[in-house]
Amino acid sequence: MSIRASLISFILRRTLKKQFDTIDDVIAFRQKMDEAGDLGGATPSNVSIVPQLINNIPCEWVTTEGTDQNRVVMYLHGGGYVFGSPASHRGLAWRLAENTGARVLMVDYRLAPEDPFPSALEDATQCYRWLLEEGFESKSIAIGGDSAGGGLALACLVNMKNLGLSLPACGILLSPWLDLSASGESVEKNADKDAMLTPKALNIMAGHYLGGLDRTAPLASPLFADLSGLPPLLIHVGSGEILLSDPEACVKKIEDSKGEVSLKIWPNMPHVFQVLASRIPEGKVAIKELSAFVTAHMA
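Take 20 as the starting number for the sequence shown in the numbering used here and just add one per residue.
It is worth saying that the hints were derived from the structure and are not from the lab.
For each residue, glycine too, the CB sits at the ideal point set by N, CA and C.
Be aware that one or more of the hints could be misleading.
[As the list claims (entries may be wrong)] Restricting the straight-line Cα-Cα distance to at most 25 Å, the calculated cross-link-like pairs of lysine-lysine (PhoX-like) are:
hint, residue 1, residue 2
1, K277, K212
2, K208, K283
3, K272, K283
4, K212, K37
5, K51, K36
6, K303, K36
7, K307, K158
8, K219, K37
9, K212, K303
10, K212, K158
11, K158, K51
12, K271, K51
13, K180, K51
14, K180, K271
15, K277, K36
16, K283, K158
[To be verified] Per label pair, the in silico range of CB-to-CB distance:
hint, residue 1, residue 2, range
17, L184, D211, 19 to 27 Å
18, E133, D40, 29 to 37 Å
19, E267, S247, 13 to 21 Å
20, K303, S138, 16 to 24 Å
21, T235, R33, 30 to 38 Å
22, E153, D275, 30 to 38 Å
23, G248, T62, 18 to 26 Å
24, S159, R33, 42 to 50 Å
25, P70, K303, 39 to 47 Å
26, K51, E153, 35 to 43 Å
Turn these sequences into a full structure, and let the hints guide you.
Pasting the structure below:
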């Protein structure tokens, strides 16, 4: 673990982690997160950000010089289903575009509690359908997401499989939240180690997203879905995260179904450390690995 990553984790633990337990007031929490801005740093001048409205869902294309217009990474930002936006993850988006050579489509899906489950899933699925209808080949599309967006990406894959849609070439999941019932051992075991999330915050955000619905519903908590027949997946997670059990259990289910999945556990890295690539070297390395996986599986 680099000195910079250690320092960032210390700062997150003393600041953001405390704020997560106040997420009952979603509006105030969103304002705090908006004020924090994009942790990915400034956007270079050679990066293009173009708004795209897809069936009334606001999205944006993120491209860099030399981008292959026929290849797409559809990306779903994190934020516990209650906050976050393409703007908050723009630093991650342009780095993925730069390293994969593909266009990145950032989806600004609807958020809870104003628009609870299944609104986010419907938006993500609609955007993928739109890509196919626009002529993008499924083998030239990858899907990705972090935290809640990682869970949404996996739920979207399951939903698309159930709908009989042609599935994308691969998926990348960054610290994915796959079990909204928080039944994994790491939720309590890593509660003190995690530099950002808390069990209380998970419970509050799941409540906003699902209300009184079953927290093990497969399309809300895809860990409980049938995970057979999915495209190859690469999952990154930090060793001290309270969400560690989610990808570990996911990998076992996929491997048991003879699917293709790889899990990399990063020692002591904070939740979705890839968004901190402008500040810590591990973030840049991780994005290069994720991008290499995408390019290896795309047509």
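Original post:
Which numbered hints does this structure break?
Top reply: 1, 10, 11, 12, 13, 15, 17, 18, 20, 23, 25
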